[in-house]
Amino acid sequence: MKISRLGTVGAIALVGGLVLAGCSSNTTPSDDTSSAAPGSATGLDAIDASLAGTITAGGSSAQANAETAWTTAFNSVAKGVTINYDKSQGSGGGRSNFISGAYDFAGSDAPLSADETKQAAATYPSGAVDLPIYLDGVAVAYNSSLGSSLNLTTATIAKIFSGKITDWSDPAITADNGGTALPAGKITVVVRSDSSGTAQNFTNFLNAADPADWSWKGSGTFPADITGTDAQKGGGAVASEIAKVRGSIGYLDHSALTDGVSAATVNGIEYSADAVAAALTDGATVTSNGVDGDLSITFDYSKITADTAAYPIPLLSYAIIPLEFKTPEQAKITVAYLRFIASEDGQKAAAKKAGSAPLPAEILDQVNDTLATVK
Amino acid sequence: MTATPAAAEHRAPRNAGGPVGLAANSTSKIGDRLFLGLSTGASWLILVILAGVAIFLIIKAAPAIGADWASNDALNQTVANTPGHANFWEYAGPLLFGTVWASFLALLMGAPVAVGIALFISHYAPRRIAGVLGYLVDLLAAVPSVVFGLWGLSVITGFLGPLNQFLGEYLGWIPLFGGSISAGGGTILAGAVVLAVMILPIVTSISREIFLQTPSLHEEAALALGATRWEMIRLAVLPYARSGVISAILLGLGRALGETMAIAMIVSPKLIVSFQLLTNDNPATIASNIANQFGGANDMQRDALIATGLLLFVVSFLVNFIARWIVSRTAPGVRRVRKARAA
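Going down the list, the sequences are from chains A and B.
If you want the working numbering, it's the position in the first sequence, counting the first as 1, plus 869.
If you want the working numbering, it's the position in the second sequence, counting the first as 1, plus 24.
One chain only, chain A, in its complex shape (with noise of 0.2 Å):
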């Protein structure tokens, strides 16, 4: 595992400058424009050099592939902070290991819960936050045999996905595309076996959005007992049995779709960076966990859906921080990353090299308003 450091500062040195080789010709003008006033630097301008030590940090491995991305680029200028963040633990591991104390910070697709933001309390005094700093669409995918494009709507991906549409030609997919009816054939569900943050995310949209059709609670964990679904281990064996299977429909991480797979149209609204960050513009609701800075968020998928330019079924993912660090130090390199993580610099590189979409400014002006409480 470990790395001789002068590799390690070699590979960084080579992989940072790499970067900041394709950032500075891809953003300089935006630079130009948004940071003008030297005193109001962001992104990877913001980030002291002479930070030093080591970030421990794991959970949710939806933004493992973000985290990367921003380790490197955070890695580029500050050369002397470690960042470890172990994917392996999965959202309910990272957000366990740092109520026990063991992590900086963790990653997590779900907030706290109320039971986990006291136990956390009893480890951070002055308790935890959530702070979204990831964000995606969830993919409606589909075997590309069935044809380049099809629509469905909340009602028919309900219906679809708890078994009660099983095959193509039903009248109800023929509606939702205009009238043009599929060609027969069974329908199959590839769903995830693991627990997942795409499955908390698609479940929560489900059950919020049509609990007419779908009964089950939003979860990392794809409801059990719905028979009949064909359930693989991780988004990369969905993308492939999706691929792989005639008629065959799943859901994964916009970023995830390979060959073979397309995304459907959800409400007839196609997945694009500003079409999930409307979403997140109209439903995001703030719903405080009862500290001060917490911004755990609750959608209204009603109104996400009301709104024809907002893709309806976003991916939020958290970075879950205590608003008091054991020492000030910890404190200062802790925050320093997650600032450059919700900067406009730390969100295009998230979404170059995982995919991802940015967040919108509010959003991450919020984030930085809590970090600056932080101490």
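Be careful, since some hints might not be right.
In silico lysine-lysine, DSS-like type, Cα no more than 30 Å apart, as pairs [claimed, not checked]:
hint	chain 1	residue 1	chain 2	residue 2
1	A	Lys1086	B	Lys84
2	A	Lys1172	A	Lys1033
3	A	Lys1055	A	Lys1033
4	A	Lys1086	A	Lys1055
5	A	Lys1221	A	Lys1172
6	B	Lys84	A	Lys1195
7	B	Lys84	A	Lys987
Since the hints were derived computationally from the structure, they do not count as laboratory data.
Given chain A's structure and the hints, the job is docking chain B onto it.
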């Protein structure tokens, strides 16, 4: 009883080593004592580790086993997002069934093949081929289970596809082949085929060793009576090796019970009891369920998963215990001593 003279023989050389120089003797005594201490310590360490694992599992599992699942939202609802578990056993029962069922299917397919390979190596193959073949089978044991999983996922599931269709279409009236045939091929049949390959090396190598230990006098006697080679094997080799082969199969079962990655990657799991071989609704195994659910589980749910782990620990412990007991009851080793003395 038979061990007593052997033990006396064993001690003899040590006494014979007595009249050496005094200094050499004392260092060898220190060396002896040091080595004795080290090896005793190592053997105790095994016990301590085993006890430690057992204690950890019991302490972590107790809250979930004892909890009232019906009123506990975390346990009742979200551990696999299936509501309605009244207690731990309702949750663990289907998992235990899945574990035993998958292993049983694997043994059904793997054990006869493994014993056949072992017999071929020990009694049929020319010496040179036997050596290479034995080496290859042992090599199979070195393949990591995640590689078996990838192989199963990308090759076996597709390979079994036409067979699944055929069985479902023409033999679907047999409950085993009933249900809605899996289009992707993530069936328990595919998982069991890969498991069967995974238990081949352990069953083969132990069986082979035992077949080779058959007293050659028995074999020659059978041949002298006019037996063909197969009759000789049936008369002399199989009766002699029966208990050893059974224990080899049970050790293979132990391996199959705990197999995680390959099953998690290949089989599409549900929390159900089902004997159907060809559908997407297969009973999950304990180990693959832990691998799938641990990441997203909160503290109470983790305890529940650890409790299922304890169950697996107990079951595989029992299986291994029975296997060892059968071996020790009629160990060929005992007869080997007899044979050596007779010779």
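Now the hints, each set against the structure:
Annotation: proposed proximity of A:Lys1086 to B:Lys84 holds, straight-line Cα distance about 27 Å (limit 30 Å). For a cut-off of 30 Å, the pair hint linking A:Lys1172 to A:Lys1033 stands: about 26 Å separates their Cα positions. Annotation: proposed proximity of A:Lys1055 to A:Lys1033 holds, straight-line Cα distance about 12 Å (limit 30 Å). Restraint check for A:Lys1086 and A:Lys1055: satisfied, since their Cα atoms lie roughly 27 Å apart, inside the 30 Å limit.
Between A:Lys1221 and A:Lys1172, the direct Cα distance comes to roughly 29 Å. Compliance with the 30 Å bound is thereby established for this hinted pair. As the CA atoms of B:Lys84 and A:Lys1195 are separated by approximately 28 Å, the hinted pair is consistent with the 30 Å bound. A distance of roughly 21 Å separates the Cα atoms of B:Lys84 and A:Lys987; the hinted pair therefore holds under the 30 Å criterion.
Of the numbered hints listed earlier, not one is contradicted by the structure.
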